[in-house]
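Taken in sequence, the protein lines are chains A and B.
Letter by letter, the first sequence follows residues 1 to 112 in the UniProt record's numbering.
Letter by letter, the second sequence follows residues 1 to 112 in the UniProt record's numbering.
Keep in mind that a hint or two might mislead.
The list makes no distinction among identical chains, and a pair is therefore deemed to hold if it is satisfied within one copy or across any two copies.
As the list claims (entries may be wrong) - No more than 25 angstroms apart at the CA atoms, straight line, and that leaves these computed lysine to any residue pairs for SDA-like:
| hint | residue 1 | residue 2 |
| --- | --- | --- |
| 1 | K25 | D80 |
| 2 | K108 | D5 |
| 3 | K110 | A89 |
| 4 | K110 | F57 |
| 5 | K40 | W58 |
| 6 | K110 | Q55 |
| 7 | K110 | L14 |
| 8 | K8 | A43 |
| 9 | K25 | A79 |
In short, the hints are calculated from the structure, not lab data.
2 protein chains.
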Amino acid sequence: MLKPDFEKNGQDGLIPAVVTDVDSKEVLMLAYMNAESYQKTLATGETWFWSRSRQEFWHKGATSGNTQRVESITLDCDADTLLIAVKPAGPACHTGARTCFFNTVLDKTKEK
Amino acid sequence: MLKPDFEKNGQDGLIPAVVTDVDSKEVLMLAYMNAESYQKTLATGETWFWSRSRQEFWHKGATSGNTQRVESITLDCDADTLLIAVKPAGPACHTGARTCFFNTVLDKTKEK
Numbered sequence: 001m002l003k004p005d006f007e008k009n010g011q012d013g014l015i016p017a018v019v020t021d022v023d024s025k026e027v028l029m030l031a032y033m034n035a036e037s038y039q040k041t042l043a044t045g046e047t048w049f050w051s052r053s054r055q056e057f058w059h060k061g062a063t064s065g066n067t068q069r070v071e072s073i074t075l076d077c078d079a080d081t082l083l084i085a086v087k088p089a090g091p092a093c094h095t096g097a098r099t100c101f102f103n104t105v106l107d108k109t110k111e112k
Numbered sequence: 001m002l003k004p005d006f007e008k009n010g011q012d013g014l015i016p017a018v019v020t021d022v023d024s025k026e027v028l029m030l031a032y033m034n035a036e037s038y039q040k041t042l043a044t045g046e047t048w049f050w051s052r053s054r055q056e057f058w059h060k061g062a063t064s065g066n067t068q069r070v071e072s073i074t075l076d077c078d079a080d081t082l083l084i085a086v087k088p089a090g091p092a093c094h095t096g097a098r099t100c101f102f103n104t105v106l107d108k109t110k111e112k
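The shape of chain A in the complex, shown without the other chains (with noise of 0.2 angstroms):
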């Protein structure tokens, strides 16, 4: 099985992973995972990640209920990086919203 590089970085073993539904497509979220909860995430099936703001494991929907369920895992060209397609049981934003990424800075597909 072909591994995540977690040392390259010099990001205190931690790499980024994008998070997208399965279904949509859409991108939910980004958050950082080191080799331990990367290999909770294999697992248990639902996304682990490392909270660098909290310095603790962070199982995604523990507190909330809304889990995400992993679907597949893609890992980028040079290994240091994780793409993470999951099934997910509710927003995936702490605000509620369906995905993280809400704010618009521009949009020209909207000016056609």
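For chain A, the structure is supplied; the task is to place chain B on it using the hints.
Relative to chain A, chain B alone:
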């Protein structure tokens, strides 16, 4: 205009930028931006990153021709990750692949 928080992360003023294809919605790559590369991106309408390995600005496609025309920019809930939808002039990956995410670790969607 909403502004990314380049200082929050303690990552040398860098934040991750997730790049998607505006048409297919596919995630193409993840790279890092600092405040100046973000300004270059806004000013030119093409993606500019900061290369952590080379420690220099990286105008995507400057040598390969595979530039990325910016169609939309969205910030996440805490303004420390960028989501950039682009119209790519060619493959995103230096390997020639359309997307950098081609290393499948697991795929449950194919088991169904």
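Of all the hints numbered above, which does this structure not satisfy? Sort the numbers upward. 4, 6, 7
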